[in-house]
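Enquirer: Chains as they are written, first to last, in our numbering: chain A, 103 to 322; chain B, 6 to 488.
Quick caveat, the hints were computed from the structure, so don't treat them as lab data.
Since the model is a prediction, treat every value here as computed from it, not as a measurement.
By construction, the Cβ of each residue, glycine as well, lies at the ideal position given by its N, Cα and C atoms.
Among these hints, one or two may not hold up.
Derived Cβ-Cβ restraints for the label pairs, each shown as a range [as the list claims (entries may be wrong)]:
#1 A/Leu181 to B/Gly57: 26 to 36 Å
#2 B/Arg56 to A/Leu108: 52 to 62 Å
#3 A/Val184 to B/Phe288: 16 to 26 Å
#4 A/Ile176 to B/Leu41: 44 to 54 Å
#5 B/Trp95 to A/Glu307: 46 to 56 Å
#6 A/Gly159 to B/Tyr103: 50 to 60 Å
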Amino acid sequence: MMAGGLFSQLSVLGSSLALVFGLFVLWRRSLGAYVSAFAWQSGVVAGVAAMVAHFSGDHALYLVAALVFGIKAIAIPRLLTVMGRRFGGDRESHPYVNTEASVLSAAVLVLVAYSVTRPVVALSQLPTRGAIPLAMGLTFVSLFVVISRKKALTQIIGFLMLENSIALLAVLCTYGIPLIVEIGVFLDALMGFLVMQVFVYRIHETFESLDVEQLRHLKH
Amino acid sequence: MPLFLLLGAPLLAAVIALMRSRYARLTGQVSVWLSLVPIGAAGYLWREVNRGAPVSAAGDLVRADALSVVLISCVSIVAALAAWLGPGWWGREDLRDYQIRRFVIFSNLFTLTMLAAVVSNNVGLMWVAIEATTIVSAVLIPLRLGKSSVEASWKYLLIGSVGIALAFIGTVLAYFDFVQRAGATTQALNWTVLVTAAPHLHPDVMRLAFVFLLVGYGTKAGLAPMHTWLPDAHSEAPAPLSAMMSGVLLAVALYAIMRWKTVVDLALGTPFTNRLLIGLGLFSLVIAAFSLVTQRNYKRMLAYSSIEHTGLTCLGLAFGPLGVFAALLHLVNHSLVKSTMFLLSGRLHERYGTTNLAAVTGLLRTMPWTGALFAAGMLAVIGLPPFGLFISEFALLRAGFATGHRLLAVVMLALLVLVFVSLLTHLNRMLYGAGVEGLRRGEDHAGALVPLALCLAVIVALGLVIPAPFWRLLTMGAAVVTR
Numbered sequence: 103m104m105a106g107g108l109f110s111q112l113s114v115l116g117s118s119l120a121l122v123f124g125l126f127v128l129w130r131r132s133l134g135a136y137v138s139a140f141a142w143q144s145g146v147v148a149g150v151a152a153m154v155a156h157f158s159g160d161h162a163l164y165l166v167a168a169l170v171f172g173i174k175a176i177a178i179p180r181l182l183t184v185m186g187r188r189f190g191g192d193r194e195s196h197p198y199v200n201t202e203a204s205v206l207s208a209a210v211l212v213l214v215a216y217s218v219t220r221p222v223v224a225l226s227q228l229p230t231r232g233a234i235p236l237a238m239g240l241t242f243v244s245l246f247v248v249i250s251r252k253k254a255l256t257q258i259i260g261f262l263m264l265e266n267s268i269a270l271l272a273v274l275c276t277y278g279i280p281l282i283v284e285i286g287v288f289l290d291a292l293m294g295f296l297v298m299q300v301f302v303y304r305i306h307e308t309f310e311s312l313d314v315e316q317l318r319h320l321k322h
Numbered sequence: 006m007p008l009f010l011l012l013g014a015p016l017l018a019a020v021i022a023l024m025r026s027r028y029a030r031l032t033g034q035v036s037v038w039l040s041l042v043p044i045g046a047a048g049y050l051w052r053e054v055n056r057g058a059p060v061s062a063a064g065d066l067v068r069a070d071a072l073s074v075v076l077i078s079c080v081s082i083v084a085a086l087a088a089w090l091g092p093g094w095w096g097r098e099d100l101r102d103y104q105i106r107r108f109v110i111f112s113n114l115f116t117l118t119m120l121a122a123v124v125s126n127n128v129g130l131m132w133v134a135i136e137a138t139t140i141v142s143a144v145l146i147p148l149r150l151g152k153s154s155v156e157a158s159w160k161y162l163l164i165g166s167v168g169i170a171l172a173f174i175g176t177v178l179a180y181f182d183f184v185q186r187a188g189a190t191t192q193a194l195n196w197t198v199l200v201t202a203a204p205h206l207h208p209d210v211m212r213l214a215f216v217f218l219l220v221g222y223g224t225k226a227g228l229a230p231m232h233t234w235l236p237d238a239h240s241e242a243p244a245p246l247s248a249m250m251s252g253v254l255l256a257v258a259l260y261a262i263m264r265w266k267t268v269v270d271l272a273l274g275t276p277f278t279n280r281l282l283i284g285l286g287l288f289s290l291v292i293a294a295f296s297l298v299t300q301r302n303y304k305r306m307l308a309y310s311s312i313e314h315t316g317l318t319c320l321g322l323a324f325g326p327l328g329v330f331a332a333l334l335h336l337v338n339h340s341l342v343k344s345t346m347f348l349l350s351g352r353l354h355e356r357y358g359t360t361n362l363a364a365v366t367g368l369l370r371t372m373p374w375t376g377a378l379f380a381a382g383m384l385a386v387i388g389l390p391p392f393g394l395f396i397s398e399f400a401l402l403r404a405g406f407a408t409g410h411r412l413l414a415v416v417m418l419a420l421l422v423l424v425f426v427s428l429l430t431h432l433n434r435m436l437y438g439a440g441v442e443g444l445r446r447g448e449d450h451a452g453a454l455v456p457l458a459l460c461l462a463v464i465v466a467l468g469l470v471i472p473a474p475f476w477r478l479l480t481m482g483a484a485v486v487t488r
């Protein structure tokens, strides 16, 4: 019982941290801050996965934790930093939604997450169930980041955080999905990121800015 | 074995193009020959499935039943058409070798991911494959770099990836539900296993899961209001890619929705999924019909018409067994005709140098064969007899009346009339008129048009009579969805 209590407390703590790192993006403006928030968030997700692996005895999850840590906490942030050095001057100075409204919306989104996940939490018997709404909250907040921010790089960060939230959700709900699917998802996420990275260079090349507000040539 | 041939041929074509950086034209021709292999495999699978047994391999990880075979046939035929009219075979003066090579690599990977999606029995891997379609096709949209093509592909990549991520949440929730009932097994994400367990799944969780799945895959299927990327991507992509995206990628996304509808219906009964499908389907139909009225770009016109047909198919899925049958028939008809139309639009673009509707006049004089086929295809898209789409739309409406959706069927009919009038007006303007001053007349490589004419002939044939084996396949496919 003692171990169960610790397990559930740690999972709630980890998921809250992941959500807080997601919220960082709403009030910070520089790419450097976003990248470190994302790197820390990935580290936390990897930590939660490793912790679940430890308590549940499902060793496949150690591999997932290692993948998340290696790719999302180290490799992708490095690539993002390289891009940041090149386009660092492009700050997210005027997002579509200002900081105050963003933080308020995020609060509402987390509440919504609590309400939609009610049947899931009610059905689950796992010690991690208390953290499920937090992971779903992070999903919604990441979606909000993608929609409300103007710079291509910020949108990529939002997308990567969305991927993190889903990985977290899978770990908390079911102690991970079958490994073959997990690896496929990883490959997709990595490929998706690399292609997006190529596109960032292309957008910069053709528009001489990373402001997606300029992407307005196509109308009905 | 046929399943491996199906997936192996496009993979081989992509690998050959990847390794050979010279001889871009030659690898293009190899890719055309290899694109015939999946059609053969589809025929074999069709025969096997019609005998009554689904084909499976690799420990039930890949599996083809009647529903898969419908999609496999569409994908392999459209992929072969696109390869034939792509830059690989006939060559294009305005494309450099590295662009041709890139096209061959990624169009084959695109085919591979779509085929993998429809033969994967594991719904997790199906998701992986559908997500991969976004990545490989987004790379090809800006084959010629330009502001609008970069914009279109960024929108597509971002909205597509985010949307499909939501579908994964739905998958995880359904898996969660399954694990709660039956415990974790490696087979748990297999569709066949899910279907057996479905009656015991928890309704509230499945409801939540289906909403995520529908929004996620619906984004890829171009259902309104998640359709905003579609007209941009389909109009900016090179014509053969547009043909594949509009002709079959939308159908593959609908296929994923159908698979999940089956599972969720077994847990909840049909009313829940039907209501959602009717809502999104009708909204797509409305958005598409009104956007078609004011269209000024012929590729965007075709793209909006795809949204219209996706909406119709979606509505059909909600109209009971008869409706699902009609929806599958409509899906096949649409994938043949829309890919033909996009390939023809590529020829128009090449000659007129613009996608502006107003700039294309005197088409019948300028390019008599292309013009005639374009006109015939457009009449098919509108849904006039004797084309197959008339029959399938008629069957859809009939299924709507039969299941008691009278008012809805009347609204559908009114919207179809609106589409009819606006498309016919646009077509009229394009076909006749003096033509453009100084534009060369006559066809380049008229032989390239033969398969397209064949395709339209098939659509006419499907409008006159549905052959017995095809009827059987569709009936079995519909039975898979409404089991």
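Enquirer: For the pair A/Val184 and B/Phe288, does the Cβ-Cβ distance stay inside 16 to 26 Å?
Expert: At 43 Å between Cβs, range violated.
Enquirer: Could you see if the CB distance from A/Ile176 to B/Leu41 stays within 44 to 54 Å?
Expert: holds, 45 Å
Enquirer: Between B/Arg56 and A/Leu108, is the Cβ distance one that fits in 52 to 62 Å?
Expert: holds, 58 Å
Enquirer: At the C-beta level, are A/Gly159 and B/Tyr103 separated by a distance inside 50 to 60 Å?
Expert: holds, 52 Å
Enquirer: Note whether the CB distance of B/Trp95 and A/Glu307 lies within 46 to 56 Å or breaks it.
Expert: Because 30 Å falls outside the window, the suggested range is violated.
Enquirer: Can you tell me whether the CB distance of A/Leu181 to B/Gly57 sits inside 26 to 36 Å?
Expert: violated, 52 Å
Violation of the numbered hints given earlier is confined to hints 1, 3, 5; the remaining hints are satisfied by the structure.
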